[in-house]
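Visitor: Going down the list, the protein sequences come from chains A and B. For the first sequence, the numbering used here gives the first residue as 1, with consecutive numbering after it. For the second sequence, the numbering used here gives the first residue as 1, with consecutive numbering after it.
There's no promise every hint is true.
Taking lysine-lysine pairs in the DSS-like style, the calculated list, with each CA pair at most 27 Å apart, reads [stated by the list, open to error]:
1. B:K248 <-> B:K236
2. B:K283 <-> A:K236
3. A:K294 <-> B:K229
4. A:K229 <-> B:K283
5. A:K161 <-> A:K229
6. B:K245 <-> B:K229
7. B:K283 <-> B:K147
8. B:K161 <-> B:K229
9. A:K236 <-> B:K248
10. A:K147 <-> A:K161
11. A:K161 <-> A:K248
12. A:K229 <-> B:K229
13. B:K294 <-> B:K283
14. A:K229 <-> A:K147
15. B:K283 <-> B:K161
Rather than coming from a laboratory, the hints here were simulated on the basis of the structure.
Residues per chain are reported as follows:
2 protein chains.
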Amino acid sequence: MSNQSVVVIGGGPAGLRAATTVAELGERVTLIEQRSFLGGTPIAENYASLTPHLHSAEESIGAIVTRLQGLPGVEILTETEVQSLQGEAGDFTVSVSGPGGNRDIAAGAIVVATGFQHFDPGRETQMYGYYEYPDVVALQDLEAMIKDGNIVRPSNGETPKRICFIQCVGSRDRQIGNEYCSKVCCGVASKEAIEVREAIPDSEVFIFYIDMRMYGYWESQIYWPAQEKHHVQYVKGIVTEILRKEDKLLVRGEDTTMGRPMEVMMDMVVLSVGMEPSAGTRKIAGVLGINQNKYGFIDVANPPLDTVSTSRDGIFAAGAALGPADLEDCSSSGGMAAARAVALMRRAVAAG
Amino acid sequence: MSNQSVVVIGGGPAGLRAATTVAELGERVTLIEQRSFLGGTPIAENYASLTPHLHSAEESIGAIVTRLQGLPGVEILTETEVQSLQGEAGDFTVSVSGPGGNRDIAAGAIVVATGFQHFDPGRETQMYGYYEYPDVVALQDLEAMIKDGNIVRPSNGETPKRICFIQCVGSRDRQIGNEYCSKVCCGVASKEAIEVREAIPDSEVFIFYIDMRMYGYWESQIYWPAQEKHHVQYVKGIVTEILRKEDKLLVRGEDTTMGRPMEVMMDMVVLSVGMEPSAGTRKIAGVLGINQNKYGFIDVANPPLDTVSTSRDGIFAAGAALGPADLEDCSSSGGMAAARAVALMRRAVAAG
């Protein structure tokens, strides 16, 4: 085992997988997390279950945390942030500040796994009324209700009987600057739609979408069961506005398959908000001196055959810090980044 | 370095990334490939360029092969197949047969990267006429023409001026048993459409689709340029039959956005065939005693947070052997599988 660590920044799914992999490969790892707990956005935002298998988010991610804590050579620093970076690949010094004060960590290599944040639909207030109407919520708001076992209309505490999801809020949208597709929202909305149908059997659930991007196995694992078993109703359409009408929400737009205007009354509207780089991702890029793409995510130097190298030698990135990513992407790229970091550190040690 | 190898089965993108990563981590690796060359399907099927960046497939994959060949502890066995497996995790014996006869390899762990094959549209002959009409081709047939710089109608050698792609051939189809979405065909068809438009500026290119699954950055990297810069015409529609009419192809179906029947004449039709497990993937599962899913791909034991463990301890899988995968999936899971394999082998050595 080297005297150096691999420093992994971010304790969400990608960072947890990266840290676990470094330790499994027999090297020291220091995991730095700015929150007071591990698990990243799925835990911070109270995800009920993971897409596509509907396993408990707490249990699934908790199992990795437990495994990580039990491995030798692992140091976990919560409530800690990276302040600066000195040195070069194979011989970095990472300065951090945390509850115990400031500290320098000798790092052979670094993995950035600082993740994403949900698009804030406040920017589109005029259109969808997220901050105006209590019964317009976002994917993560509904997720938390599902986790609580208490799906209610925020306006009055009643059980919603007609619920719709609006896809691509903050994605595929040049006007707001997010031209990319956020990749996971079709799957997550469909998963939540299934959970609503299970929790409220007499509910009607609609998903208004442009394209249903249920790639790979999500097609058969979520999309077909959502329709055939759970009777979720998919409507290819564009929602242009939401208005309050008495105590309901009037959703207006166009059903593009039927080629006609659409006006439907809903008890609750769920905005399928996309992914944006987290504040941590935006900040760490500057601290470490690595390139970002035009959206603020970390830039990958040589895709698609190298998915984890950043613009700076010795610094790798993984998961949703790189852009829209599902959990499999986070796991695989987390492991890959760890392997590259360990390999680089050992080469540096052998040469040093 | 251990006396054992990690045995990587399959020399396509995932296997190459896995083997490279094992060697970078300082362990011996034996790469077994049944073909006489490395590179997998992209090389065997003459891919012109890789999705989404349009980098040369030969150059991009060639660079990884060159890197692998230059690393210590690497043995590459082409024209070689795995015959049987003995032992257990940490102490396998892999028996192979190749040009030099039979051989046993001491393996601490195994990575299966045996990939996919293109869906054979022969099964749907009645509908699309792949084996009946020379000008009905598949994605990989057009790819080879693009690579040759010679896009012509196979029937008469003339330059096609009206070309359409039909999506989801052999995917999202319960009748043929492939309920999954093949994930990459929307991107690959759009990439080829761009290449056709560049090669034949006075051509008209159409893509008939159900949903355009241009997830993540593919939306802004391929889908938008295809439409805005290259004027590829996307039509949401279902093609029900293709007929020969004089020396053209009559494509019949329904334009689902316009809600009306569609009859269009084409010079060439490209079937966007999906992914199926390769013959090698189907076979290796039996030889190694690992579970397959209902489609014949290798089953992952614990997704989505563990993307590479199979049903048998010490055997990992990566890339399109696991199901529909893009090149980033193959790279990341290849590296992840390598890390897990090395970690397992070292634990076994330390304990042994």
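Visitor: With a cut-off of 27 Å on the C-alpha distance, tell me whether A:K147 and A:K161 pass.
Guide: holds, 18 Å
Visitor: Check whether the Cα positions of B:K248 and B:K236 lie no farther apart than 27 Å.
Guide: holds, 22 Å
Visitor: Holds or violated: A:K229 with A:K147, Cα cutoff 27 Å?
Guide: holds, 22 Å
Visitor: CA of A:K161 to CA of A:K229, is that 27 Å or under?
Guide: Holds. A:K161 to A:K229 sits at ~18 Å (cutoff 27 Å).
Visitor: Given the proposed pairing of B:K283 with A:K236, does the C-alpha separation stay at or below 27 Å?
Guide: Judged against 27 Å, a Cα distance of about 41 Å means the pair is violated.
Visitor: For B:K161 and B:K229, compute the direct alpha-carbon distance and say whether it is at most 27 Å.
Guide: Since the Cα atoms of B:K161 and B:K229 sit roughly 18 Å apart, the hinted pair holds (cutoff 27 Å).
Visitor: Under the criterion that the straight-line Cα-Cα distance not exceed 27 Å, is the pair A:K294, B:K229 satisfied?
Guide: holds, 19 Å
Visitor: Going straight from one Cα to the other, do A:K236 and B:K248 come out at no more than 27 Å?
Guide: violated, 33 Å
Visitor: Straight-line Cα separation of A:K229 and B:K283 no greater than 27 Å?
Guide: Judged against 27 Å, a Cα distance of about 34 Å means the pair is violated.
Visitor: Between B:K283 and B:K161, does the CA-CA distance stay at or below 27 Å?
Guide: violated, 42 Å
Visitor: For B:K283 and B:K147, compute the direct alpha-carbon distance and say whether it is at most 27 Å.
Guide: violated, 31 Å
Visitor: Please verify whether A:K161 and A:K248 have alpha carbons no more than 27 Å apart.
Guide: holds, 11 Å
The structure fails hints 2, 4, 6, 7, 9, 12, 15 (numbered hints given earlier, in ascending order).
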